[in-house]
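So the protein lines, in turn, are chains A and B. Numbering follows my numbering, with no gaps: position 266 of the first sequence is 266. Numbering follows my numbering, with no gaps: position 238 of the second sequence is 238.
FYI, nobody ran anything at the bench for these hints, they're computed from the structure. Here a beta-carbon is modelled for each residue, glycine too, at the ideal position from N, C-alpha and C. Any given hint might turn out to be false.
Output of the computed footprint for chain A on chain B, the stretches with three or more beta carbons under 8 Å from beta carbons of chain A [unchecked claim]: (1) 4–16; (2) 39–46; (3) 277–285; (4) 291–297; (5) 307–320.
To list a few chain A residues with every Cβ distance to chain B over 10 Å, as calculated [stated by the list, open to error]: (6) A106; (7) W107; (8) W127; (9) V137; (10) P140; (11) Q163; (12) A211; (13) L249; (14) G272; (15) M280; (16) L312.
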Amino acid sequence: MTPPPAALWARLAAAGLVEGEQPVPEAGRRWYVRLMLGAAAWLAAITLMGFLVSLTFVLLKSREGLLGTGMVACALAYAMFQRGRTSHWHAQLGLAASFVGQGLMAWALFGSFDNGDALPGTTASLWMALIEALLTVALPNSINRFVSAQFAVGLLALAADDQGLGTLVLGGAAGLTAVVWLNEFRWSERAEALRAIGFGVASSLPGLALAVRQNMPPPAAPGDLGFTLNGLDFRAPWLASVLVGAVLLAAVLTLCRRQGLAAGARTMGLAGLAAVLCGMLDLKAAGIASSLLLVVLGFAHGNRLLLALGLLSLGACVSWFYYALSLTLLEKSLWLAVAGGALLLARTGLRVLLGPPPSEVDTHA
Amino acid sequence: MSDARNLLLEWAARGALSPAKLEAAMHLGGVVPDHARWRRFVDSLLLWLGAALLGAALVFFLAYNWDAMGRYLKFALAEGAIVLALGGVLWRGVDAPAGKALLFAASLFTGALLALVGQTYQTGADPWELFAVWALCILPWTLLSRLAAQWLLALGLLNLSVLLYYQTFLGFPLLGALFGPMAPCWVLLGLNGMALAVWELARLRGGDWLKPRWPLQLIGAAVMATATVLGLWAAIDAGRESLTEALGWAGCLALVYAVYRRRQRDLFMLAMAALSVVVVVNTWLGRQLVESFSDPRILLVSASFLASSTLAARWLQRVAHEAAP
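So that you can see chain B by itself, here it is in the shape it has in the complex (with noise of 0.2 Å):
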């Protein structure tokens, strides 16, 4: 649908289709829904707003009467809805779409019935813990379900988990030792790296959901951001302690070129990663010339962001050119 409309407004933007017989081309492509996928949008749209107001009201019911209720109550709601959820994939089936779904509403209340666990009886556990249980207690669904969006909700747990650890202990011993305080930056970034390179594998082997590129470029963009972290404290630090910081940002760099620029081209992929070259590297150059917003080298600064990002949408527009059939 969106692919075909942003070709068609492409074309008609370059010339090559007439502005006058763009909705004509827009019908043809499939673009604008007929009848049958009118009804089919209006039916799917009244089943899930009825279904998520109705949800929404039952966790309005529950939060009224939550200081009222007793603990048992509590507790047999919270696992009363993971056994009706359950109930439902076993009556759908895994495959299909309503079970999956089911599958992936279990995974949240599994959340909610931790949560309570932990307000009830207060063991004194950590934050960090709860979410690393949470995605533990998920994994059997999440192997099973075949879904993208259990998969990235076990994954952001996992990351979550991660970054209330470092909050709460300022850094793993070994690693702490090692890596300093980027060691949270540096866990994620092999967390979330390893996540990429093994999804990409299974896409070469696997089945039809694991094809789309969305989920694998989300988890994309969260190993850029880490890598850009490291990258700036090595701009803004400088100094030898952050060689590392910026061995780590210049390798994933090199990864990520060597892998979406030569064996899997994604634009999405390159366009994150030309991003983080443009805001590391002016980073680094602010820090190296200017004192302060007064001093007139930040001009140098300025210019210099814009010609790296236009230089980066030139490179990305060439390679463009050179994955079109």
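In isolation and in its complexed conformation, chain A is listed as follows (with noise of 0.2 Å):
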């Protein structure tokens, strides 16, 4: 149970943590009054991009025109994200600058113009994430850091995929999750931008453990591993579970050490092997692994936000799994169900060897 804020005050203050009077809330820092400031300064970025597109026919016409009004838009972004610190209007501006100049820029590099000239899709993506990565440090700002990096990871991933390297950036995706949330509270000299940047990212990576999945190929023969090491092409379907299910191994492992628990303590190899069974679920279940990977990582930091949206994955996942082409429903019952039973009989076995699990009386007597 939440202690009241005065409590926890008192409390911190007791413990030496902090000193004076307990600051007054500010409502700027709630999620929905954040979705409220975002869904207005979309909206004014819509009508401003409406106005822009419409009116500017030589602009239009030109790959640079708009690759450079773009610029100049996330420039302003910049300049009222500094002056923004302290002023909401001024925060508003910057946002719906910077939505037009990413708008305007994704419209450089997609679209194609009157001489005929696009890019390909690869190259186009390509230059779209590593500008959109740009803005998501440049930009002081966390919606538009949550914003871009999530359109980072996501056009990131349709470049690579092309490529053959979709798995990578799934497990980078993945590692990058880890990272930013479990040090969430040591890089406090950067905090608040972490945050938006891990909420970013983690929020694209149950979307794109499917996605990825869903463009493999199916093996041409059954021996077949999927990728050659020879060539760059990384199309092996056990290979995204390896990657995330390593970075929750890494991730379990790390949470055990802080509590605490030796290198060879049976706790700890027992949250190993679960670690592992879970990538192995993953083998068949796409998006398993990163779905359990932002539920541990949220009920390990108090995180409801990212527990939640871990736990709403878990279920969108086990959905998608129905429509998967590669196994028979038949097949597919056999294996929930024979996972269904290894995670009860997993239960069963924690409490045969630790005992049961302490009850919140007990902690708090």
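These two chains come separately, so use the hints to put the complex back together.
Set out below in structure tokens:
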């Protein structure tokens, strides 16, 4: 049960962690206020972009013109965000300018022009991903960082998937998610920025896991591993599960060490084994390991939003599994029954080996 | 868990808590779980995930064999699931978390049974009737359950029933004559508004299960969404015929302000109302000023979006300051 604010402040003061009066709450930090501000900025950006698109025909004919205008808009956004640290008005203006700038640059890269000039999809995606990544780092606004991080990961995955490297982007995104969230209380200088980026990357992880698996071709022959070492084609169905499973294992072991468990402790071994089993679950039902990673990271730092995202994506993964064509419904049902039974067995085994978990009453007594 | 976390993060961002001490504060505030909480979490996760996968396995198995099954076997399975769930409720008791979860499951299985009836017997019933009958069938369990999610399920079914009704019949005769094409919005606004009012009143007198704000905020968001649709209709139509919609929207806002600003301060509800004002007013402004995207006056509309949302955020900030202990 969470203590009331005054009681929490008193507890911190008694431990010497804070001094003086408890600060007055700020409404602007609540997620629903940010949602309202973000929605209004989007609507303002749509009207602005509509005006620019319909009016400035010169720009429409030139990729360079659109790119230049987009960059100017983003530069304006940066200036507004600097003022926006203390002013909602400037932060809003900055958001609208940033969305307009990103929209114009995307149009420049993905559109084709009167002279028939159109960039290949992979090239456009890569460039736009790079722009989004730069904007994520450079523009000092949480809402903007959240949106740009999502676009950066999604576009990078799109470009990589064309070259058969989608699994590597998925593994990298899972790793980045784990690194950011496991250290969110330690990188205190850039904490707010990292949190926004962490949410952006984490929220794209489940969709990425499903999309990467969806685009994989089936193995050519029963023994075909699906990737080669000489070439750069990493379209191995199991590689995605191994990479994300490895990240999950590393995260679980890190959390165990933080709980003070020794490397050879039985609990740590069991936790590691559980993470490996979750990775194996992912082999058939794509996205399970990514979702469980979010659940574990969310619970580890009391992040209800991340925890809810993980649980929702677990449900989405099971629903996606229903429509996956790689197995018949009968095979899927058998596989799910085995997996479900194994988890319940694991729970029983844990209770036998380590005893039942202490109840809330016991721990507060 | 999450409230303490958000508080500590806010204090750290504002400099009241040193960044170097944030991690210690998170441990002290109970945000970072200890060994016991981790054990309980893993135990629960294995239980619920295992049960969910077994349940999904059953659904997949039934789907695979569905065409081959006879009518009686299908009904036996659907009804058997309800009986088993209710048996579990009797065994664990309706007050236990497992009992409430099983009662919720029985409510979901009822929908599956009704869908099976409709599919098997082809009675010619309309889709809205399925959801209305479903809500009616689970009403006794909803009354017994004392579970917010169960009540939200029943309300959700009623909402769906209304939407499908209007999709089928294009307006209830009396209300259609009075309120035109916005009749579904009016009905939904009345339904959800009444639910919100009754829940708030019950919360003042009721038990612990009524204390959390999130179900009320969910219903409040539905009320504001419906009111916003009415407001947008009035803003876009901007004629005498849409005066009722404009008054309805304004009336809804006035009520939300009176209740959630003066009586039971709820920043979430006020934020939803503020967003509604921003969207509707600026849509009206755009409708009055702008003829096409190439009209330079659209810049005024953009600026108005930004200015109004900024003002709204400042107002919410002031309200939050007043609410501080």
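Now for the hints, and whether the structure bears them out:
1. Look at the region 4–16 of chain B against chain A: 12 of its residues bring a Cβ nearer than 8 Å to a Cβ of that chain, three or more, so the hint holds.
2. With 7 residues having a Cβ less than 8 Å from any Cβ of chain A, the region 39–46 of chain B passes the three-residue criterion, so the hint holds.
3. Interface restraint, the region 277–285 of chain B with chain A: holds (3 residues with C-beta to C-beta distance below 8 Å; minimum three).
4. Given a C-beta distance limit of less than 8 Å, the hint that chain A covers the region 291–297 of chain B holds, as 5 residues qualify and 3 suffice.
5. Against chain A, the region 307–320 of chain B contributes 11 residues with a C-beta closer than 8 Å to a partner C-beta. That satisfies the three-residue criterion, and the hint holds.
6. Here A106 of chain A stays apart from chain B, with its beta-carbon at least about 18 Å from theirs, past the 10 Å limit.
7. With a cut of 10 Å on Cβ distances, W107 of chain A stays outside the contact zone with chain B, its closest approach being about 15 Å.
8. Consistency note on W127 of chain A: stated as away from chain B, and its beta-carbon is indeed over 10 Å from all of that chain's, at 27 Å minimum.
9. Chain B leaves V137 of chain A outside its interface by the beta-carbon criterion, the shortest separation being 19 Å against a cut-off of 10 Å.
10. Separation of P140 of chain A from chain B is adequate, the least Cβ-Cβ distance of about 13 Å exceeding the 10 Å criterion.
11. Remark: the non-interface label on Q163 of chain A is consistent with the geometry, its nearest Cβ contact in chain B lying 35 Å away (cut-off 10 Å).
12. At the 10 Å boundary, the C-beta of A211 of chain A stays outside the reach of chain B, the nearest C-beta of that chain being 22 Å off.
13. With a least beta-carbon separation of about 15 Å from chain B, L249 of chain A lies farther than 10 Å from that chain, consistent with its non-interface assignment.
14. No beta-carbon of chain B is positioned within 10 Å of the beta-carbon of G272 of chain A; the least distance is around 13 Å.
15. At roughly 13 Å, the least C-beta separation between M280 of chain A and chain B is larger than 10 Å, which holds for a residue marked as non-interface.
16. The Cβ of L312 of chain A lies farther than 10 Å from every Cβ of chain B, with a closest approach of about 13 Å, so its non-interface assignment holds.
In summary, the structure agrees with every hint in the numbered list given earlier.
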